[in-house]
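J.: Residue strings, one per chain:
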Amino acid sequence: MTDWTIEALSAAIRRGRISPVEATEECLARIQRLDGRLRAFITLDAEGARKAAKELEAEGTAGRWRGALHGVPLAFKDLCHVRGLPTSCGTRTSEYFVAGHDCTAVSRLAAAGAVTLGKLNMTELAMGPFGDNAHHGHVQNPWRAGHVAGGSSSGSGAAVAARLALGALGTDTGGSVRLPAACCGIVGLKPTYGRVSRAGVMPLSWSNDHIGPMTRTVRDAALLLRIIAGRDALDATSSPRAVPDYLGGIDRGIAGLRVTVPENFFFQGLDPEMASGVREALRTLEGLGARLEERRIPDPQMMNDVCNIISRCEGAAVHSRLYRERPEEIQPVVRARLELGFRIPAHDYLQALRLRARLTRAFLRDIFAEADVLAAPVIPEPAPPISHATEGPVDELVLRQGRFARLTRSFNGLGLPALTVPCGFSQAGLPLAFQIVGRPFDEATVLRVGHAYEEAAGWHRQRPRLD
Amino acid sequence: MNERKLLQAELANLAAAIERAAADLALAEEPSRFIAALEEAAEERE
Numbered sequence: 008m009t010d011w012t013i014e015a016l017s018a019a020i021r022r023g024r025i026s027p028v029e030a031t032e033e034c035l036a037r038i039q040r041l042d043g044r045l046r047a048f049i050t051l052d053a054e055g056a057r058k059a060a061k062e063l064e065a066e067g068t069a070g071r072w073r074g075a076l077h078g079v080p081l082a083f084k085d086l087c088h089v090r091g092l093p094t095s096c097g098t099r100t101s102e103y104f105v106a107g108h109d110c111t112a113v114s115r116l117a118a119a120g121a122v123t124l125g126k127l128n129m130t131e132l133a134m135g136p137f138g139d140n141a142h143h144g145h146v147q148n149p150w151r152a153g154h155v156a157g158g159s160s161s162g163s164g165a166a167v168a169a170r171l172a173l174g175a176l177g178t179d180t181g182g183s184v185r186l187p188a189a190c191c192g193i194v195g196l197k198p199t200y201g202r203v204s205r206a207g208v209m210p211l212s213w214s215n216d217h218i219g220p221m222t223r224t225v226r227d228a229a230l231l232l233r234i235i236a237g238r239d240a241l242d243a244t245s246s247p248r249a250v251p252d253y254l255g256g257i258d259r260g261i262a263g264l265r266v267t268v269p270e271n272f273f274f275q276g277l278d279p280e281m282a283s284g285v286r287e288a289l290r291t292l293e294g295l296g297a298r299l300e301e302r303r304i305p306d307p308q309m310m311n312d313v314c315n316i317i318s319r320c321e322g323a324a325v326h327s328r329l330y331r332e333r334p335e336e337i338q339p340v341v342r343a344r345l346e347l348g349f350r351i352p353a354h355d356y357l358q359a360l361r362l363r364a365r366l367t368r369a370f371l372r373d374i375f376a377e378a379d380v381l382a383a384p385v386i387p388e389p390a391p392p393i394s395h396a397t398e399g400p401v402d403e404l405v406l407r408q409g410r411f412a413r414l415t416r417s418f419n420g421l422g423l424p425a426l427t428v429p430c431g432f433s434q435a436g437l438p439l440a441f442q443i444v445g446r447p448f449d450e451a452t453v454l455r456v457g458h459a460y461e462e463a464a465g466w467h468r469q470r471p472r473l474d
Numbered sequence: 002m003n004e005r006k007l008l009q010a011e012l013a014n015l016a017a018a019i020e021r022a023a024a025d026l027a028l029a030e031e032p033s034r035f036i037a038a039l040e041e042a043a044e045e046r047e
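Chains as they are written, first to last, in my numbering: chain A, 8 to 474; chain B, 2 to 47.
Please note: incorrect hints may appear among the correct ones.
[Said to hold, decoys possible] Per the computed footprint, the stretches of chain A lying under chain B, defined by three or more beta-carbons under 8 Å from a beta-carbon of chain B, are: (1) 197-209; (2) 341-348; (3) 352-360; (4) 368-375; (5) 443-454.
Note that these hints are calculated values from the structure, not bench results. Think of the CB as a built atom: it goes at the ideal place given N, C-alpha and C, for glycine as much as any other residue.
Looking at chain A on its own, in the form it has when it is part of the complex:
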């Protein structure tokens, strides 16, 4: 069962082929067997999951179905506040973040029938792209032990790839959904800024935070997005724009679709195997009828800098109490990143916010006037060894972090939907991936392209050897 997609499990439960209790028990048994070495979970809620599954089973037997996820076991990054469970945000303090209400995205999934397995490991305070965590254990890459799972939603990436959960939620402030999805060979979607409510989720940067689904297939990501997207009175930045049926047109194909490929920045310094994998994926898109055009992207590094300044300043404001009162509890590399935020002048922060608006308009005008999506690399190299994230002087570690997230961050600043899709494996057996970026609120087209590629390439049918 754990190999099934969310769609397949949901359909099987409706047909009575498997019960919510059986599905939940299979996941719990797999977590029990594998998570001692993967370290994907911070809090496993076996008791709560069993209780919820029994209730859902009884409801199903009585002909009452909650929704599209009735009985489907999911897990959530440990910065989503869920009543009754601690939210550490990857820190040493088990109840670091407490919100006045449950995370809206989790509540919506539960209302649709999802079973919560527990809370997933992550980079401390979501600050770092590798997913290492000295407090809760470094998350292992399911495809190759000793390599990072990518971060900051590292537990989400590993749990889904290792079939510990059918799907997960991650958050993305500079790439934190797309990077672990790429490292772990799964799908990860950062929706448009405002598409999904952030209420009940620990903020890192109000201006750059996004919540998104992490799943094994693009169709499953579309299914989860449909449920979590939409206006929420608890998050004033959530858009009132109607939520489309993302699965409705996902099979339409991509013939004639215009795909821009960056000729600058994104392929520079790329690992040769990664470059080759992404180029091959682009040829596949072309073979499916898409029209590819190479184009110069307006100043991605400037948007990276703008986004960096905004995130650092807002992150410092959010976590100032922890930083000032208990700095010794914070891992040195995370502390170094926080410290920068305290030293950036308010004037620079405000100029960055103003520049972001201008750069976004210029990007939309220059790129999307003549393209439907942009396709680009998402990580510069396959998941590196964990030592790459943890060993060395702090200044060198910070530089490595910046290099690893350099291809994702600009799309947080731009607020555009961006989807990671796996596109093969390196010689060492580690996943390769690329990202598809779309117009504001056009997740439907991004998902359509991702699904067409996924079906043609078939990488989602591979599974890591863990048993």
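We have chain A; now place chain B onto it with these hints.
T.: Relative to chain A, chain B alone:
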């Protein structure tokens, strides 16, 4: 380079980049135009 020097160097680089780019910002340019840009682009597409 030690941690302190790295911090100072990164800070200086970021400040310089922002100063250069912001030099010709129009007076009317304000942060909320970011959200407006996303919403307007979505409306144009629809």
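J.: Which earlier hints turn out false for this structure, listed by number in ascending order?
T.: As far as the earlier hints go, not one is violated by this structure.
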